[in-house]
Each structure stands twice: as C-alpha cells, then as structure tokens.
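Asks: The residues making up each chain are set out below.
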Amino acid sequence: MPETTIIAGAGQAGGQTAISLRQAGYEGKIILCGAEGLPPYQRPPLSKKYLGGELERARLFLRPQSFYETQEIDLRPDSEVLAVDRAARKVTLEGGEVLSYDHLVLATGSRPRSLTIPGSELADIFYLRTLLDVDAIRGRMEAGRQLVVVGGGYIGLEVAATAKQAGLDVCVLEAAPRLLGRVTAPEMSEYYLEAHRSRGVDVRVHAAVSAFSGNHAIEVVECKGSDGLDERIPADMAVVGIGVSPATDLAEKAGLSCDDGISVDEHCRTSDAHIYAVGDCTRHPNPILGRRLRLESVQNAIEQAKTAAANIVGNPLRYEQIPWFWSDQFDLKLQMAGISEGYDAVVQRGSMEADDFALFYLREGLLIAVDAVNRPREFMACRKLLPERARIEPSRLEDESIPMQEMI
Amino acid sequence: MPKVTFIQPDGSAETVEIAEGLSVMEGAMEYGIPGILAQCGGGCSCSTCHCYVADEWVAALPAPADDESGLLEFAWEPKESSRLTCQIHITPELEGLILHVPEQQI
Ligand SMILES: Cc1cc2nc3c(=O)[nH]c(=O)nc-3n(C[C@H](O)[C@H](O)[C@H](O)COP(=O)(O)OP(=O)(O)OC[C@H]3O[C@@H](n4cnc5c(N)ncnc54)[C@H](O)[C@@H]3O)c2cc1C
Ligand code: FES
Numbered sequence: 001m002p003e004t005t006i007i008a009g010a011g012q013a014g015g016q017t018a019i020s021l022r023q024a025g026y027e028g029k030i031i032l033c034g035a036e037g038l039p040p041y042q043r044p045p046l047s048k049k050y051l052g053g054e055l056e057r058a059r060l061f062l063r064p065q066s067f068y069e070t071q072e073i074d075l076r077p078d079s080e081v082l083a084v085d086r087a088a089r090k091v092t093l094e095g096g097e098v099l100s101y102d103h104l105v106l107a108t109g110s111r112p113r114s115l116t117i118p119g120s121e122l123a124d125i126f127y128l129r130t131l132l133d134v135d136a137i138r139g140r141m142e143a144g145r146q147l148v149v150v151g152g153g154y155i156g157l158e159v160a161a162t163a164k165q166a167g168l169d170v171c172v173l174e175a176a177p178r179l180l181g182r183v184t185a186p187e188m189s190e191y192y193l194e195a196h197r198s199r200g201v202d203v204r205v206h207a208a209v210s211a212f213s214g215n216h217a218i219e220v221v222e223c224k225g226s227d228g229l230d231e232r233i234p235a236d237m238a239v240v241g242i243g244v245s246p247a248t249d250l251a252e253k254a255g256l257s258c259d260d261g262i263s264v265d266e267h268c269r270t271s272d273a274h275i276y277a278v279g280d281c282t283r284h285p286n287p288i289l290g291r292r293l294r295l296e297s298v299q300n301a302i303e304q305a306k307t308a309a310a311n312i313v314g315n316p317l318r319y320e321q322i323p324w325f326w327s328d329q330f331d332l333k334l335q336m337a338g339i340s341e342g343y344d345a346v347v348q349r350g351s352m353e354a355d356d357f358a359l360f361y362l363r364e365g366l367l368i369a370v371d372a373v374n375r376p377r378e379f380m381a382c383r384k385l386l387p388e389r390a391r392i393e394p395s396r397l398e399d400e401s402i403p404m405q406e407m408i
Numbered sequence: 001m002p003k004v005t006f007i008q009p010d011g012s013a014e015t016v017e018i019a020e021g022l023s024v025m026e027g028a029m030e031y032g033i034p035g036i037l038a039q040c041g042g043g044c045s046c047s048t049c050h051c052y053v054a055d056e057w058v059a060a061l062p063a064p065a066d067d068e069s070g071l072l073e074f075a076w077e078p079k080e081s082s083r084l085t086c087q088i089h090i091t092p093e094l095e096g097l098i099l100h101v102p103e104q105q106i
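Same order as they appear, the protein sequences are chains H and L. Letter by letter, the first sequence follows residues 1 to 408 of my numbering. Letter by letter, the second sequence follows residues 1 to 106 of my numbering.
Bound conformation, chain H alone:
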C-alpha cells in the first residue's frame, strides 16, 4: 500500500503543501480537502486588484484545475474534514466518508472575527475573507454609494482605498486610538491616517461602533466618538474587518495542543508526530527572533507548507525565516520585514510627504524591522540584513547619499 497524506484545508497553505510534496518527489497519495468548493486561490488580491475589477477571477487560482490532475493530487474542494481519530489515523469528511492517513496536514487557516452588536444581521454588511465574500461586495460597490469600513487594519484600509478609487464615499471607523494598532508602530499609523485623509477617506479613530440600523438593509452605523458623543453615519453598505481567529476547532476536538493557534515545532509538527499544521492556523517558534509567533501572511503559509512537505518526505527541514508582508493602498506600495515590536529607536530614510520613505526599527542598536513605502531597495536590503542581526549606525541608514547596497 502506498502512503497517504491528507490535507485539511485547500487554501494558500494547503494547496502549497500538495504542490511542494510532489516537487519534493513524494510518491504517495495526496488528498486535498477544502471547504469552499473552489481550488486553492490567493487571498491578497481580494482586497486589492480583484476588488477593484483589475484582475480576472481565473487569475486568482494558485494552479489551473488541470495541474491537480496531471500531478495526481486528489482535490476535493467540497469535503470539509469534520473529525480526526488520531488513534486509528482516520478522518471523517463532510458526507460521512472515512479515510485513513499516514500523514495529516492541518491547513485550516483563520476566520474573520464577527461583530455582534444590534443590527449585525442586516443586509449589506459584509466580511472579507473568501472569494464569495468579495463577489458579494463587488455586486454592491457603485460610485457614489456610501461605504463604512469597520476596523482600520490592513484589510480594512485596502478595501477603503480600493472603494475610494472606485468613486464611493468611504468612512473608516477604528475603535483604537490609532490605525494598524496591532501590527505596526505609531509612526506608520500616523502616516496612513494622513495618507487616507488626504486622498478623501473620512478616517476616524477612537470610534467604537455600537450598532447598525436600517430597514432590512443597513442605513446607518452608530458609533461613539472620542468625545463620548453618539454619531450616526449614513451607510449603503459596511465591510467589517476587525481581525481573524485561527481555525483550531478541528485540532482541539482531536486533542492536539493549541495556544491561540495549533502549537507546532520548527518542523511544523503538532503534538502528534503524524500530524502537521501549516499557515494561519499555527503558532510556531521562530529561532531567529527567539519567540513563538502566529502570522497571517502568504510567506508564512508557503514556507510552512514547504517545511511540512520536506519533513513528510524525510528531509528534516526547519522553518526559520524573517517574516515579511506587503500591502497596496492607493499609490502606496508598503513592504515590511521583521517584527518592530520592542524597538527603542526609529530611523527614517526619505520623505513621508513625498510618499517615498523607509522606517528602520532598532533595538539596542540592532536592526529588527523595516517598513518601506515605495522603497523596494530598502525592503530588499533589510531582508538580507535582518537574519544577520546587523548593527548599522543610524546616521548611515538615514543618509541617502549612501546606497543601500553599501550597507550589506
């Protein structure tokens, strides 16, 4: 009997696991089980070019359907994995089918946090995670309509920028004192606040949404402003982007150890040696940073998938990389590397007014992260410098007469 690997979750990480297994020469059976009825696709364009109508649907898919056939990957897009019997090494699929595995890879991703307040069941209130979600949003996006985005994280801000460019009136409401509060430094929060406001988006911080109201469909978003007064903001539609939670329920039910994410080691192995977990659903160690992380990024999904695939074919690869991420809003291409949390100094190179700068974050003189806006060279140089824990004089970093090449 050949070996069987079952992958639960056909998103970026699940799809990549199947692809990487074949690239690594895996000869066993691969069963890729999804819950969205679609082959694996990329999510980043969902709030960017696809939402803006600049990218056709077919171009979102990681691979064409024919690829799975030629690679003998048994893709079952409508087969949610409902339960795992670890002792028997079997999974139960939606519809009742029971399959045996030698290796199981959990690639269940994450799910949007829901906002449960009065009126949250009204029509035209959307979340943005799946292709179906975006198709529904696009169906309602018409120039002149009023969109309220709840949550000033990357996805919310990307939606705001895309909608503004499509001619909608856009208001962003963020409950925290600053945008992107969970993921970036105050300097960048301030920059993005100005960037959106100067391009015509009505951004409000300290604005906690308390209710939606309307007749069948949303008409008004009620929120409490920083002055404590209630405000009523007219809305034809709302998009809620207040973060995601890792999809750990299947793992928890199976008794695997979880800690805000499925706990894995540097080989992406869970507390059961036959079960791996990859992508948004994991909490994993980062040997370079010396701490455990849960990341929501394509890089993490792809690299963990490759790591798990390598280990399944017997190559004990470790996942150890500097995290990086990107976000496109208006004409601003943001590229980030490293984790800035815990910095004690920030150095700016270039000009924020000209939307052409990089911020370098240092801790005890060592470079720990970069945020680069329209500055690919600074971003790329840091991707090389960060793993080496480089010590660079702030006066050199900010000096534009010294090319980044000379810092490496």
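Hints were generated in silico from the structure; no laboratory data involved. The structure presented is a predicted model; accordingly, all values stated were derived computationally and were not measured. There's no promise every hint is true.
[To be verified] Straight-line alpha carbon distances no greater than 30 Å define the calculated DSBU-like cross-link-like pairs of lysine-lysine that follow:
1) Lys29(H) x Lys253(H)
2) Lys333(H) x Lys79(L)
3) Lys90(H) x Lys29(H)
4) Lys79(L) x Lys384(H)
Fit chain L with the ligands to the supplied structure of chain H, relying on the hints for placement.
Replies: Positioned in the frame of chain H, the structure of chain L with the ligands alone reads:
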C-alpha cells in the same frame, strides 16, 4: 499561443505555451516550472519570480519600472538581463522567448 522556454541551472529546458495577456510568471505556475516561487502572486512585491532573459531577448522587452529594478538589484545574483517574470506580459512578439531560471531566488 506564444511558446516560452525555461532553461534550468542544470541545462534542462522546458518549452510551454502561454496565453497572450498572462504574465510569464503565471505561465510558469501553470506548468509548475521549478525555481520560480512567485510568493506575492504577481504583485511586484517579493522578487521570487526572478529569471535571466536570454541575451538576444533583452532588447525585445519594455524596460523595467523602478519598483521592479529596485527588487532586482537585491535579487539573488542579479545581472543586466535580470527580470521579474510577473512583470513580463505575453504578446505575439514574444514567440520563442527564452529565460534562464536562477539557482535560487533569495
Ligand atoms: C483580503 C485579504 C488580503 C490579504 N492580503 C495579504 C497580503 O497582502 N499579503 C500577505 O502576505 N497576506 C495577505 N493576506 C493573508 C493571507 O491571505 C493568509 O495569510 C493566507 O491565505 C493563509 O493561508 P492558509 O492556507 O493558512 O489559510 P486560508 O487561505 O484561509 O485557507 C484555509 C482554508 O481551509 C478551509 N478549511 C477550514 N477548515 C477546514 C476543514 N476542517 N476541512 C477542510 N477545509 C477547511 C477554509 O475554508 C479555507 O479555504 C490577506 C488575507 C485576506 C483575507
Ligand atoms: S511574483 Fe512577487 S515579484 Fe513577481
């Protein structure tokens, strides 16, 4: 459909047909050409779709924009002929295009 040839560092070559309008990177993904990772899916944000264009083809391509050049300068062993394949769009003139896949991406 224009034919594009990818040559691996070990000299092995694969010729595939890529539909007009798609990027060379998308064609490479469709056929699973090894060595092209394309992590950002064509967003010109990651540099992991880097290839060297065969010398005789360099002049046939429109020059790279600054964001592409910036990524390429720091790609793995960049050369004059380096390009990001997600930024090369297939047109009938590119029939016969030849690209060399680098030994690694980053
Ligand atoms: C709008 C948007 C924009 C983004 N932009 C960026 C960006 O610019 N850059 C970046 O790096 N990242 C971005 N991300 C994040 C990135 O898309 C995710 O980190 C990535 O998709 C994670 O991949 P994954 O496979 O772990 O999870 P997912 O892609 O969520 O896939 C998980 C899949 O598993 C399925 N599933 C869950 N449970 C089961 C089960 N029991 N059985 C079978 N299937 C199951 C789910 O339905 C889902 O299809 C963005 C995300 C969104 C939503
Ligand atoms: S795919 Fe990321 S730069 Fe080309």
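Asks: Which numbered hints does this structure break?
Replies: none
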